[in-house]
Every structure is written in structure tokens, then in C-alpha cells.
Amino acid sequence: DAGITQSPRYKITETGRQVTLMCHQTWSHSYMFWYRQDLGHGLRLIYYSAAADITDKGEVPDGYVVSRSKTENFPLTLESATRSQTSVYFCASSESFREKLFFGSGTQLSVL
Amino acid sequence: GENVEQHPSTLSVQEGDSAVIKCTYSDSASNYFPWYKQELGKRPQLIIDIRSNVGEKKDQRIAVTLNKTAKHFSLHITETQPEDSAVYFCAASMGTGNQFYFGTGTSLTVIP
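Going down the list, the protein sequences come from chains A and B.
With the working numbering as the guide, the letters of the first sequence map in order to residues 1 to 112.
With the working numbering as the guide, the letters of the second sequence map in order to residues 1001 to 1112.
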């Protein structure tokens, strides 16, 4: 599981600031995902990617931007952070279609 | 919209007893149903999964059943142990892409 890493582990920012969360995997998995975890809501899909330069929206994409110029990286950007985006963010990857997800260790983001 | 419902939200059992967690899904095209375990402060990890061409799958003390007609699936843990205490999430594939939608989680406590 050390093959997928997220940074930073913790982040505190202010409303209106731009924040980028990083995700890197060493397995060359085709698929990568961003989820946010909030009490009472479980894990909600923000964006996912099937390959480099192919991304698609999930359940809660508003306020977020993703890119995937290289297979191994899938950064998530909050263009103008809001307090409602305070959450734990998990990146995940899977080797192929509808297979096991491997999660990163998460980024705990607080927007003040 | 499409969603996965999970019950109960909390569950307490005596050590050695069985635990059952139930999920329902809305998309009749869903064909992959994984279960994840998340210990406190850790990342979610896959514990078992089932595909729509199978009605039941077992792995030691853990089993999953699927009823496609009723669109529900369940996780069964027998002979529970304190180390089974965690939050459990069900998930279902949705749509035609590689999207997974998660239930809201069940916090299982096994009382020694």
C-alpha cells in the first residue's frame, strides 16, 4: 500500500485561497480517484480518471479541479477554498476496470 | 440520484457473536460490490468483494451475499473478535464508467 502516497498529510488554509492536494502512485495503475470523507456521508466521489488526460466528474465535483498529465500523478485543486470543503480527502487507484481500490493515507484539510 | 444506502449506522455485538450489515443500491446495471474496512485514523482497505454473477462469497469469518432482484447485498461477520471493531463501508459500481459509490458506513464495536 505504500505505492500510493498523498501530501500533505494535514493542511490548514483560509477561505478563498487556492489549495492543491497531491497524489502519487508507483504501480502504473490506469484508474485514479479522489474521494472526500465526512461524518454521516461516508466516502463521496469527487473526480476520477481512467488514464492520463482523461478525467470525469463524480458525485460532488463543484469547487474542485483535477488534472492528470502523467499516469502516476493526480492532483486535486480547490480553486477558492470554502469552509464546506473542510474534510478528509482520500486518493485511490485501481489497476483495471471495476477492481479493488487502493487508498492513500488521506489528507486532513481544514478551511478556516 | 444514484446512491447506496447502508444500515445500521452503528452496531455493537458481544465477542463471538455474528454481525450483519446491509446495503441497497439503485442502479440495476451495478455489477461489482466491494466492502471496505476502515480502522480509526487509517485508510479504507478492501476486505471482500462480490460480482453480480455470484450470489455468495466467503473468506474465513467473512461472507457477502447478493440479491440482484431486490438490489441488496449484505456483509456477514461470524465469531466476531475485538479487532473487527472498525467502520465498514459497502460500495457499488455505478453507470458505465469505473465509478464506485459508497454507503455512509457502519461503526462496528465488538465488546470483549
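By construction, these hints were calculated from the structure, which means they are not laboratory data.
Hints may be right or wrong, so weigh each one.
[Unchecked claim] With a straight-line cut-off of 30 Å between C-alpha atoms, the simulated DSSO-like cross-links for lysine-lysine are: (1) B:K1042 <-> A:K11; (2) A:K11 <-> A:K57; (3) A:K57 <-> B:K1022; (4) A:K57 <-> B:K1058; (5) B:K1022 <-> A:K100; (6) A:K70 <-> B:K1022; (7) B:K1058 <-> B:K1071; (8) B:K1022 <-> B:K1057; (9) B:K1058 <-> A:K11; (10) B:K1042 <-> A:K70; (11) B:K1071 <-> A:K11.
[To be verified] According to the in silico footprint, chain B covers these stretches of chain A (three or more CB under 8 Å from chain B): (12) 8-14; (13) 33-46; (14) 54-65; (15) 102-111.
[Said to hold, decoys possible] Incomplete in silico selection of chain B near chain A, CB under 8 Å: (16) S1093; (17) T1096; (18) G1097; (19) F1102.
No residue lacks a Cβ here, since even glycine has one placed at the ideal position from N, Cα and C.
Given the hinted pair K1022 of chain B and K100 of chain A, is their alpha-carbon gap at most 30 Å?
-> Judged against 30 Å, a Cα distance of about 20 Å means the pair holds.
Pair hint outcome, K1042 of chain B versus K11 of chain A [Cα-Cα no greater than 30 Å] | holds, 17 Å
Regarding the pair K1058 of chain B and K11 of chain A, is the alpha-carbon distance no greater than 30 Å?
-> Distance of about 40 Å is beyond 30 Å: violated.
When you check the alpha-carbon spacing of K1071 of chain B and K11 of chain A, does it fall within 30 Å?
-> violated, 40 Å
Given that the segment 8-14 of chain A was listed as covered by chain B, double-check it with a C-beta distance under 8 Å for 3 or more residues.
-> Answer violated; 0 residues pass the 8 Å Cβ test.
Minimum Cβ distance from T1096 of chain B to chain A below 8 Å?
-> Violated, because the Cβ-Cβ distance from T1096 of chain B to chain A comes to roughly 10 Å (cut-off 8 Å).
Could you grab the alpha-carbon distance between K1022 of chain B and K1057 of chain B and see if it respects the 30 Å cut-off?
-> holds, 15 Å
Would you check whether F1102 of chain B satisfies its interface hint, that is, whether its CB is within less than 8 Å of any CB in chain A?
-> holds, 4 Å
Does the nearest C-beta of chain A fall within a distance shorter than 8 Å of the C-beta of G1097 of chain B?
-> OK, holds: G1097 of chain B within 8 Å of chain A, min 6 Å.
Taking a Cβ-to-Cβ distance below 8 Å as contact, does the segment 33-46 of chain A have at least three residues touching chain B?
-> That given contact holds, which follows from 8 residues of the segment 33-46 of chain A lying within Cβ reach (below 8 Å) of chain B.
Taking 30 Å as the top limit, are the C-alpha atoms of K57 of chain A and K1022 of chain B close enough?
-> With a Cα-Cα distance of about 27 Å, the restraint between K57 of chain A and K1022 of chain B holds, given a limit of 30 Å.
Within 30 Å, alpha carbon to alpha carbon, are K70 of chain A and K1022 of chain B?
-> violated, 39 Å
Violation of the numbered hints given earlier is confined to hints 4, 6, 9, 11, 12, 17; the remaining hints are satisfied by the structure.
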